[in-house]
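Undergrad: Using the sequences and the hints, build the whole thing.
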Amino acid sequence: MALLAVAAVFAPVAAAQVDISINDQALSGRAAPVNPDPNADPNAAFVTGDGDLLLLDDREHFTLRSVTDFVYTSNARLSDDNRVSDTYLREEVALRAATRLDQTWDVFAESGAIFTRFSDETDLNSDTLFARIGASTPWKGGTLGGSLAGNFIHEDGFGDDLIDQLVLTGYYLKSYRLEDNWTLGTRVIASQTWTDPHDFTNLRLTLGADLIRPVHRKVVWISGVDVYASWYADYFPNSPAVTEDRNDLGLRARTELRWNICENASLRGILGYNFQDSTIDFLDYGERTAGLSLLLTLDF
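Each residue of the sequence shown is one higher than the one before, starting from 114 at the first, in our numbering.
Derived by calculation from the structure, the hints in this document are not laboratory data. Everything numeric in this text was worked out from a predicted model, so none of it was measured. Backbone N, C-alpha and C define an ideal beta-carbon position, used for all residues, glycine too. Incorrect hints may have been included.
[As the list claims (entries may be wrong)] Computed Cβ-Cβ distance ranges for the label pairs, DEER-style: (1) L177 with W218: 15 to 25 Å; (2) T392 with Q216: 30 to 40 Å; (3) L320 with D273: 12 to 22 Å.
[Stated by the list, open to error] In silico EDC-like pairs for lysine to aspartate or glutamate, Cα to Cα no more than 16 Å straight-line: (4) K331 with E268; (5) K331 with D390; (6) K287 with D339.
TA: Structure representation (structure tokens):
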């Protein structure tokens, strides 16, 4: 069986769930502001800084963030050849510094760690360190931006190094005000990921959209979908089980209710479906997810 034939060289895929979440961090949470205001500019959701550090004023530029996710997945290993359901706990802690330069560019730098623990499939447990810098600016009614991130994924307990990634991302976000307090948020994202081991180096293009509607003064309903295509540079070229280049097509859909408990805390309930069709058969998968996510921030 192909999956067993490459098991010895396939250990880094144990971090697949973390890999996906890491690369989406730069854009997660941008769909709706912390305190949604139906009368506010939808683009306010995308602002990442609130002043200029060079002014040395008393504005708050630093944010300490904690994100706790508890997730059920119907396919923990992201392979239909080895389908198993599980639950996992994911804890992210990060420190971000953000500011606005020349009243035009929102810039940030952040670093942190992510700890992921599965209930049953404990070989998928991982610890990750990451650092990211980025900038964005208004452009043609939307937001144009980019980031450079380093992700260092280790086995449980910061054991053996699984994957090191350098991820260059560019994106364009634009939102549209619709009738009855609906907002449509659209995005185009391109990313180039260089990795060690080199087998996971890839180029990805993503197109996505969210429908957003406040349902209460502090509750927002968001439903969205992303479609992506990935092209891998040289996926395990010496493995007898991999006989062609790896190219993936995928879809991620989700719906969520986000309750902004207060200015520094929000709770999300999320249902999702992920699908991937790959030229490598054992990387095809469908996955259903359900989760709760608690975001806490401290500005100073």
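Undergrad: Indicate, hint by hint, whether the structure satisfies it.
TA: For each hint, the structure was consulted:
no.: 1; hint: L177 with W218: 15 to 25 Å; result: holds, 23 Å
no.: 2; hint: T392 with Q216: 30 to 40 Å; result: violated, 47 Å
no.: 3; hint: L320 with D273: 12 to 22 Å; result: violated, 36 Å
no.: 4; hint: K331 with E268; result: violated, 39 Å
no.: 5; hint: K331 with D390; result: violated, 38 Å
no.: 6; hint: K287 with D339; result: holds, 15 Å
In this structure, the earlier hints numbered 2, 3, 4, 5 are contradicted, and the remaining ones agree with it.
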